[in-house]
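Which chain is which? The protein sequence lines are L and S, in order.
According to this note's numbering, the first sequence holds residues 313 to 503 in order.
According to this note's numbering, the second sequence holds residues 32 to 240 in order.
I should point out that these hints are in silico values taken from the structure, not numbers from a laboratory.
C-beta: ideal position from N, C-alpha, C; glycine also.
Wrong hints could be hidden among the right ones.
Facing chain S, from chain L, some residues (calculated, C-beta under 8 Å) [to be verified]:
(1) W373
(2) L429
(3) L490
Derived list of chain S stretches under chain L, where covered just means 3 residues or more per stretch with a C-beta under 8 Å from a C-beta of chain L [unchecked claim]:
(4) 39-52
(5) 68-80
(6) 98-107
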Amino acid sequence: MAIPHAETEAALIVKAQTGDRNAYGELVRHHHPGVVNVVYRMCGDIQLAEDAAQDAFIQAWLHLPSFRPGTSLRNWLYRIAVNAALDVIRREPKQPFADLETLSMPDPQAGPEAVLLQKERTLAVQQAILSLTEASRAVLVLREYGGLSYQEISAALDIPLGTVMSRLNYARDRLKELLAPQFNNMETEYA
Amino acid sequence: MPKHVTEWLGAYHDGELNSARLRQVEGHLAECAECQAELEGMQGLSALLRETAPADEFLPTERFVANLTLNLPRQPEQPQPRKMLEIGWWLIPFSVLGMWIFLQITFSLSSLALAASDTGLLGNNLSWLQGNPLQTGWFVTIMNLFGSQIGFTGQSILSFLNDSDLFIQNLTGQFFWQALLAVSYLGWLASWWLRRRPPSQNPGNFSQS
């Protein structure tokens, strides 16, 4: 997918702010994978994530005229996406990954045992992430899956930089505890 | 051994430390096995998080965009950008500055002209500036009523008090305008600083708790 040049994105934003749906479609096309990744990690469920992504992009469309040019559209979208994911979870609480069958196949070339192991690991990781508090989860997801810097997370979630660090430290400590068995297995494999 | 740097390891791992803290953490890591192990654990965790299967069963982007475009509601009407207001906003500091310069020039010129007139340098050319005989109301009244009774010393004291009063009035007037302009300018600066802070632009309701 072609990544729009910064100026092109700015031009598309201006057009979309005046109601140009095609321009907005271009923006969505570019940011969809990142937004979906963030909401999926927040929700832990493909269907919920689809709903959250749709809600997020509709919310963004409705509020786009008030978007201030010169600020990061990606950060703004991620913030809306995090909120949309939390809303979807609250609206429709559902136990994600009821069984391993619902998980996607990580590597079609791998043997059945490796696939099963991979799926178990994925399930454990997703459940561990979901066990975090919403605030810590949002920071962790934006950092690990959104690739945002601390400053960007701080701006996106409207929290101080120190809070970003402390929530991230808390989330990582908690995940290390919860994922200790998977982590050990992974080390054994790599060894 | 110096204190552990556990609290900074996350930021170190994410490349978010400033140079001074970075040197401190690197120095500590070079000699602390415990913190090294902690860092390796953090790196392993990040690898584990990213290694887990990505969600590849999502609607393809093109289909998502097509569906979304169909479902987009009408954007709410936005008020037209208030350009005149914006221009007016930026004119405020220049107007304040202009008024300050004008007042400074006016006060300075009038002081110079009066001084020149008092010393007779300009003859009677500036007599129109002195339509007012530089006497306060209370001074005129007292002089009219008791002028002949209070003697030379009393008149000198009254004259001195009259001059002091005029000086204070003049100074107070100048100070008032300067203070008013300074407050206006500082008020504008404060508003500008508050306006330039990025707005939250948050249509959501993320809890900060």
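Quick rundown of the hints versus the structure:
The criterion of a C-beta within 8 Å of any C-beta in chain S is met by W373 (chain L), whose closest approach is roughly 5 Å, and the hint holds. The restraint placing L429 (chain L) at the interface with chain S is violated, with a minimum CB-CB distance near 12 Å, outside the 8 Å limit. Below 8 Å, beta-carbon pairs count as interface contacts, and L490 (chain L) has none with chain S, the closest being about 10 Å; its hint is therefore violated. Coverage of the region 39-52 of chain S by chain L holds [criterion: at least 3 residues with CB-CB distance below 8 Å; count 4].
Only residues whose beta carbon comes within less than 8 Å of a beta carbon in chain L count, and the region 68-80 of chain S has 8; three or more means the coverage holds. Counting residues of the region 98-107 of chain S whose CB lies closer than 8 Å to any CB of chain L gives 9, which reaches the minimum of 3, so the coverage claim holds.
In summary, the structure is inconsistent with hints 2, 3 from the numbered list given earlier, while agreeing with the others.
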